[in-house]
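J.: Respectively, the protein sequence lines represent chains L and V.
Heads up, the first sequence is in our numbering, so the first residue is 26 and it goes up one at a time.
Heads up, the second sequence is in our numbering, so the first residue is 89 and it goes up one at a time.
No wet-lab data here; the hints were simulated from the structure.
Be a bit skeptical, because a hint or two may be false.
DSS-like cross-link-like pairs, simulated, lysine-lysine; straight-line CA separation at most 27 angstroms [stated by the list, open to error]: (1) 452(V) to 90(L); (2) 565(V) to 94(L); (3) 110(L) to 94(L); (4) 438(V) to 328(V); (5) 438(V) to 377(V); (6) 396(V) to 363(V); (7) 328(V) to 294(V); (8) 565(V) to 110(L); (9) 438(V) to 294(V).
Just some of the chain V residues that point at chain L, by a computed CB distance under 10 angstroms [what the hints assert, rightly or not]: (10) 104; (11) 107; (12) 110; (13) 133; (14) 140; (15) 145; (16) 147; (17) 156; (18) 279; (19) 283; (20) 503; (21) 545; (22) 546; (23) 547; (24) 597.
Bear in mind the structure is a predicted one, so any value in this text is a computation, not a measurement.
No residue lacks a Cβ here, since even glycine has one placed at the ideal position from N, Cα and C.
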Amino acid sequence: MDRQKTTGAMNEADLAQLLSHVQAGYADAWGELYRQYAPAIFRFCRRLLPAREDAEDATTEVFMKVRQKLGTYDSSRPFTAWLYKVASNHCWDTLRRRRIRQDLETGDVDALPLEHPDPGQLQRLQNEHTSKEVRTGLAKLPDRARMALVLRYYADMSYDEIADTLGVRRAFVGVLLLRARHQLRDALSETGASMAAKSGGRKP
Amino acid sequence: MNPSDDPLASHFDEVTALLYLEGQLDEEHSRDVAAHVASCAPCSQLLRALQSETVWLQESLMAEDEPIPARLVAAPERGTAHWGWIAAFGLCAGGLYTVWNGIVAPAIANMSQAGFSQGNVLNMLFFYGAFWKGWDAMRSLTELLALMTLGGLGIWLLRKQWRRFTPIVFVMGALACALLLPPAAAAADIERGDPSYTLPAGQEVKNDLIVAADRTRIDGDVDGDLIVFSSSLTVNGHVKGDILAFGQEVRVNGPVDGNVRAWGQSVVLDSAIAKNVMAWTGELELNEKSTVGGSLTMFSGTSELSGKVAGDLLAFAGNLEINGLLGRDATIRGDRLIIGPNAQIQGQTKYTGRRQPDVSPGAKLGSPIQITMLKTGPDYTRVRYYWHRVLLWGASFLFGLLLFLLAPGFFVDAGHAVRRIGPALGFGALFLFATPIVAIIACVTIVGLGVGITGLLLWLIAIYTAQVFVGSWVGEKLLGEGVGAGAVIGRLALGLAVIRVVTMVPYVAFWINVVVTCWGMGALVLALHRKMRPQLPAAA
Chain L
26 MDRQKTTGAM
36 NEADLAQLLS
46 HVQAGYADAW
56 GELYRQYAPA
66 IFRFCRRLLP
76 AREDAEDATT
86 EVFMKVRQKL
96 GTYDSSRPFT
106 AWLYKVASNH
116 CWDTLRRRRI
126 RQDLETGDVD
136 ALPLEHPDPG
146 QLQRLQNEHT
156 SKEVRTGLAK
166 LPDRARMALV
176 LRYYADMSYD
186 EIADTLGVRR
196 AFVGVLLLRA
206 RHQLRDALSE
216 TGASMAAKSG
226 GRKP
Chain V
89 MNPSDDPLAS
99 HFDEVTALLY
109 LEGQLDEEHS
119 RDVAAHVASC
129 APCSQLLRAL
139 QSETVWLQES
149 LMAEDEPIPA
159 RLVAAPERGT
169 AHWGWIAAFG
179 LCAGGLYTVW
189 NGIVAPAIAN
199 MSQAGFSQGN
209 VLNMLFFYGA
219 FWKGWDAMRS
229 LTELLALMTL
239 GGLGIWLLRK
249 QWRRFTPIVF
259 VMGALACALL
269 LPPAAAAADI
279 ERGDPSYTLP
289 AGQEVKNDLI
299 VAADRTRIDG
309 DVDGDLIVFS
319 SSLTVNGHVK
329 GDILAFGQEV
339 RVNGPVDGNV
349 RAWGQSVVLD
359 SAIAKNVMAW
369 TGELELNEKS
379 TVGGSLTMFS
389 GTSELSGKVA
399 GDLLAFAGNL
409 EINGLLGRDA
419 TIRGDRLIIG
429 PNAQIQGQTK
439 YTGRRQPDVS
449 PGAKLGSPIQ
459 ITMLKTGPDY
469 TRVRYYWHRV
479 LLWGASFLFG
489 LLLFLLAPGF
499 FVDAGHAVRR
509 IGPALGFGAL
519 FLFATPIVAI
529 IACVTIVGLG
539 VGITGLLLWL
549 IAIYTAQVFV
559 GSWVGEKLLG
569 EGVGAGAVIG
579 RLALGLAVIR
589 VVTMVPYVAF
599 WINVVVTCWG
609 MGALVLALHR
619 KMRPQLPAAA
């Protein structure tokens with residue numbers, strides 16, 4: 026996994042110079058930084074927020090926050106990590122505003138199916154669904170499950186960063202990710218109707 | 089790992105497998121898993137399947153599906169919300185400046201020239217100054233304010249939707265229809281005085297009659313309703329519908345088959361009114377010959393009721409003298425009540441005031457007067473005062489709780505909006521002052537009485553609701569941002585209690601209430617805007 030895959034390549038020296046110019050107040054530098062990273066942040070927000078309008082608003086608002094907070098950015102850390110952190114906090118805040126009753130954190134592995142998934146069926150699921158269908162399935166997931174998957178597999182965040190963003194214990198992140206995968210498999214199985222969600226795998 | 093006697097149980101569970109793949113297990117645990125996988129085909133298969141799923145997820149999420157929208161091509165230079173509250177404050181400031189310059193200052197100057205004291209400024213301002221010869225200016229001002237409010241609201245609601253042509257056309261079309269169609273469709277004759285208007289005796293208006301003039305005199309008959317904006321109105325003819333009058337002096341000498349609703353400095357009724365009378369007035373006079381077929385509701389400075397009222401009387405009056413017949417119950421709240429020798433009240437009389445009523449021995453009362461005496465200002469020495477405050481707190485808390493349970497999402501939205509103190513205060517002030525103006529205009533010119541009254545009721549509810557959101561904010565500042573319903577309710581309870589306590593402080597209580605109302609109402613408006621924004625289904 027590499028965050029640069031989502032943000033486009035820009036070497037460290039160029040980025041450092043660009044950031045210093047932005048901090049010095051050069052409008053051109055700000056425009057360049059935006060052009061470089063806005064598409065990735067828009068796609069990131071698009072995957073987190075079900076409504077396209079919200080993703081557009083969020084992109085604008087994230088960059089306004091970035092401009093305000095750029096002074097607090099620690100240049101010893103990767104810029105993209107910091108950028109995704111700002112964006113994910115903003116999107117999570119947006120989602121939380123919509124819904125007070127978040128499902129409470131429960132570290133119970135019992136809630137997960139005991140059966141191992143059938144590798145063959147998992148493979149079929151992957152073969153039968155396009156990227157577009159995966160993203161459609163993702164939009165049907167509960168907010169936190171969707172956030173977890175996107176933070177991990179799009180923004181390449183560490184478990185610590187995910188725990189911090191979602192306000193859960195670090196030990197719970199793995200359960201959260203696995204549960205989200207199960208929910209995504211179920212959502213795709215329902216739409217595809219070609220594969221049973223739960224296979225008769227072996228018992229542990 | 090799930091060690092057990094059962095050989096199958098020695099397989100790793102799926103969480104462990106995922107954590108292993110993602111490098112989240114400690115070294116020892118990781119070694120165990122690696123050793124097990126080397127000799128266990130099913131677990132090895134599971135790892136491969138999960139790894140394949142990880143790659144599939146990454147590729148699916150990273151696949152570019154849509155280009156960046158056109159509106160996001162240019163980098164944002166400025167915050168999206170700041171202009172909103174600047175505009176709101178600007179509108180408020182403009183409105184206040186215009187009111188002050190156009191009405192208050194001239195009214196005070198006129199009062200001084202006429203030798204009036206500062207004794208009853210409100211009465212002078214609203215019932216004398218505003219309705220004096222400057223009514224046209226007042227009407228223009230209120231219409232302008234209303235249009236500015238509607239326009240501003242429309243722009244604000246649509247500010248992020250410029251790309252959507254259909255909703256803009258729909259909203260603007262609806263707005264245009266609302267403004268244009270009713271006057272064209274209404275069956276009413278509209279007359280404008282030059283500067284006065286007279287409907288001569290013997291002439292009959294077959295429709296409703298709407299008049300705006302300096303002085304209005306109706307000697308002829310009106311088949312429908314009579315709606316008048318005028319410094320002086322005298323009705324000598326027969327009105328078969330209702331009379332709705334705004335003016336300094338309103339005098340009704342002719343019979344009215346419907347209701348009379350009047351706002352003015354002085355209202356004199358000297359005829360038979362078949363239905364109800366409602367009056368907001370400095371002085372109200374119901375002469376001996378006059379009769380009211382229904383009830384009489386009045387908000388008045390000085391009143392004299394010598395005629396007959398068949399229904400109930402509800403009076404909020406400074407000085408009230410009753411010397412006529414009241415067919416049913418009388419509920420009176422005021423400073424002074426005199427019941428004269430010719431008075432006859434057939435129902436029950438309830439009076440609340442600061443002075444004992446003066447009841448003539450000759451007055452005929454259906455039952456003894458129920459008197460409740462009021463004291464000036466809160467009595468901090470009485471337990472009852474504090475009990476009353478507790479009850480008020482309980483009522484607001486229950487209301488907030490109900491709101492939270494019925495609409496938790498909206499409650500949280502408003503809770504977030506209240507943190508944006510500037511915009512919330514700006515929009516709150518705007519809606520607090522503009523809503524009644526718009527509602528009153530809606531009552532008269534745009535859609536109808538029902539819409540206007542509904543708007544006013546919603547406005548009153550919004551005023552009460554405002555404290556809930558500010559209370560929540562105060563609670564959050566004191567207790568912190570706990571998650572879950574219990575924390576929200578706790579914050580609400582504490583915050584409302586704090587508001588109740590600080591509004592017990594003399595002198596500043598009023599201003600605290602104003603700020604709380606503006607702030608909370610602004611949060612409500614912002615949250616409503618959030619709710620009203622269209623949510624598109626996810627496009628993959």
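J.: Taking 27 angstroms as the top limit, are the C-alpha atoms of residue 565(V) and residue 94(L) close enough?
T.: Holds, at roughly 23 angstroms.
J.: CA of residue 452(V) to CA of residue 90(L), is that 27 angstroms or under?
T.: Roughly 75 angstroms between the alpha carbons, so the hint for residue 452(V) and residue 90(L) is violated.
J.: For the hint on residue 279(V), just tell me whether its beta-carbon gets within less than 10 angstroms of chain L.
T.: violated (49 angstroms)
J.: Residue 438(V) and residue 294(V) were given as a pair; does the straight-line alpha-carbon distance stay at or below 27 angstroms?
T.: Judged against 27 angstroms, a Cα distance of about 43 angstroms means the pair is violated.
J.: So, residue 503(V) near chain L? Judge it on the closest CB pair being under 10 angstroms.
T.: Holds, because the Cβ-Cβ distance from residue 503(V) to chain L comes to roughly 8 angstroms (cut-off 10 angstroms).
J.: Under 10 angstroms is the threshold here; is the Cβ of residue 147(V) close enough to any Cβ of chain L for the hint to stand?
T.: holds (7 angstroms)
J.: Tell me if the interface restraint on residue 547(V) is satisfied: Cβ within less than 10 angstroms of some Cβ in chain L.
T.: violated (25 angstroms)
J.: Is the interface hint for residue 110(V) satisfied, with its Cβ closer than 10 angstroms to some Cβ of chain L?
T.: Residue 110(V) check passes; min Cβ-Cβ to chain L is 8 angstroms, inside 10 angstroms.
J.: Report holds or violated for the interface hint on residue 145(V), using the least CB-CB distance to chain L and a cut-off of 10 angstroms.
T.: holds (5 angstroms)
J.: Holds or violated: residue 107(V) as interface residue toward chain L, Cβ cutoff 10 angstroms?
T.: holds (5 angstroms)
J.: Do the alpha carbons of residue 110(L) and residue 94(L) lie within 27 angstroms of each other, as the hint requires?
T.: holds (12 angstroms)
J.: Close enough to count: is the Cβ of residue 140(V) nearer than 10 angstroms to one in chain L?
T.: holds (7 angstroms)
Hints 1, 4, 9, 18, 19, 21, 22, 23, 24, counting from the list given before, are not met by this structure.
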